[in-house]
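Could you build all of it, start to finish, from the sequences and the hints given here?
Line by line, the protein sequences are chains A and B.
Per our numbering: the first sequence ends with 369, consecutive numbering throughout.
Per our numbering: the second sequence ends with 195, consecutive numbering throughout.
Derived from the structure by calculation, the hints contain no laboratory data.
It should be emphasised that the depicted structure is a prediction, and the values quoted were computed from it without experimental measurement.
Among these hints, one or two may not hold up.
[Stated by the list, open to error] Partner residues aside, some chain B positions facing chain A, computed with beta carbon under 10 Å:
1) Leu40
2) Gln46
3) Asp47
4) Ile49
5) Gln54
6) Leu57
7) Ile60
8) Asn74
9) Asn103
10) Trp137
[Stated by the list, open to error] Residues of chain B placed beyond 10 Å of chain A at every Cβ, according to the derived structure:
11) Met1
12) Glu16
13) Gly21
14) Ile30
15) Arg38
16) Phe71
17) Val87
18) Leu88
19) Trp115
20) Arg118
21) Ile119
22) Thr136
23) Asn142
24) Ile162
25) Gly172
26) Lys195
Yeah, the Cβ is synthetic: ideal placement off N, Cα and C, and Gly gets one too.
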Amino acid sequence: MSDSIGKVKAQKVTLKGKFELECGQSFNDIELVYETYGVLNADATNAILICHALSGNHHAAGKYENEEKPGWWDSLIGPGKAVDTNKFFVVCPNNIGGCHGSLGPNSINHDTGDYYGPDFPIITVRDWVNSQAKLSDLLGIEKWHAVMGGSLGGMQALEWSYLYPKRIKKAGIIAAAPKLSAQNIAFNEVARQAILNDPDFEGGRYLDKSKYPKQGLKLARMVGHITYLSEEAMRSKFGRELKKEKLNFGYDAEFEIESYLRYQGDVFSESFDANTYLLMTKILDYFDPASNFEGKLVSAFESIEAQLLVVSFSTDWRFAPERSKEIVNALIEAKKNVSYLEIDSPHGHDSFLFANEDYVKGLSAFLEN
Amino acid sequence: MNTIEVIKNWIDKESEVLDLGCGDGEIISILSKEWGSRVLGVEINQDDINKCIQSGLNVIHQNIDEGLGNFSDNSFDVVIMSQTIQVLREPKKALQEVTRIGNESIVTIPNFGYWTTRINLLLSGKMPVTGTLPNTWHDTDNIHLCTIKDFENLCSECGINIREKCFFNKFGKESVLAKVVPNLFATTAMYKISK
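Next comes the structure, spelled out in structure tokens:
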């Protein structure tokens, strides 16, 4: 029986001490918010770390008191679900640079007393994984049963597998890529330009001036959202349906898809931070594990000991199956334990969020074998 | 001996094995569990893939017909292709790929020259439906059936050497008849081949 995890609450922890970043800067004491579901067993061998993607956060499953909307991966995490909370202790942190409680651009810089804003250093996937490793220490988890995530979350799971090979038994790398393509970076750049050129962005110091670059963030999200859906999904969901019965010969939202994108952009821009969005796109752009190994992904994967599952989705064009296969083929060549699943799904990149039957079966088989 | 016993006789314990069209992982799971061999399966059927993952086997979701270019030359000690070549669009190319990827390869085929198949076709005038070939002509995945003679001819045409061969009767066992007149009395033939 699959069921909801029910009411959940976020927790907060401070990673004490100096934390060096890849860019050369450092933080003293990092605050992270996270959620946990299920129960950690006595020998701490049933823990699964969930890594969130670009716009995600620590609220992966269950519902908050007085809220109807469940966490972003509620379809897959819960009692009897793909990530079965009857069996596993699931941890999902909000990454550094986020805007939902962890240290990020909208936190106060204690050295200056002001918001970090645009001064927040550029974080990398490696920094995230290092901070997650510190969180593991605090939670008493020496070795994760699995680390997994979709999209940018999958990149973190991959990074875990070669950065901390002894601390991870399995890695679930879902709808990810070994690095961004020129096209991927191009879309991110359009999103960044939308934010940077909003007059209310104020060079990133909008919070100090009680302003907010809502239009820029909205536009950024609209562009991003298009890349998460497949042509097929958009066609079947919206087609050329009009909001009113006939064309209006104007620039208001006339087609359903226009109205949908505007709505999604509005909702997002009210719950997300513009500096965080800029930062997240940069983290994606910089991810390239092969770059430290003369472009050889196989060499980057040399240290891996975990069992890996790579999953892609047929209609995902943001990180198409071919991109996942680049990871898989390098793992095969490096003689690592890898399985690969290509799931037939109409939902484009967003497919990783849906409880597709084959996907769920594959994931639970992998986590429980 | 049955097929798995023969395979175990033909390969070393330390072999790294790639099974193309591994199904639910029957062969590689035995090699992995009993011998601790490093194994990798390639399969296209989702249910079979999940069964492999459930058994803790490494399996890649891939359509062999779309190419095997992701596997480099001589990257496996042994490549197994069991009861798969007849469902492929380009059996000749597949055979060449198998011997390119593996230092040695083991290929198993259903023998269309088996006597009941021949009689079936001769007497009914219809495409044979038998125990090993249970589907009708329009509903079968077996689009490239061949006889033992055909297969051996293809090997020699491709410059592929047959190192060992073994023939099985309809019970999946070796038998005297299948050994003496295989093209007539073997339902299945298994070959150890290399370039």
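Exercise. Going back to the hint list, which numbers does this structure go against?
Worked result: Numbers 8, 9, 10, 12, 15, 16, in rising order.
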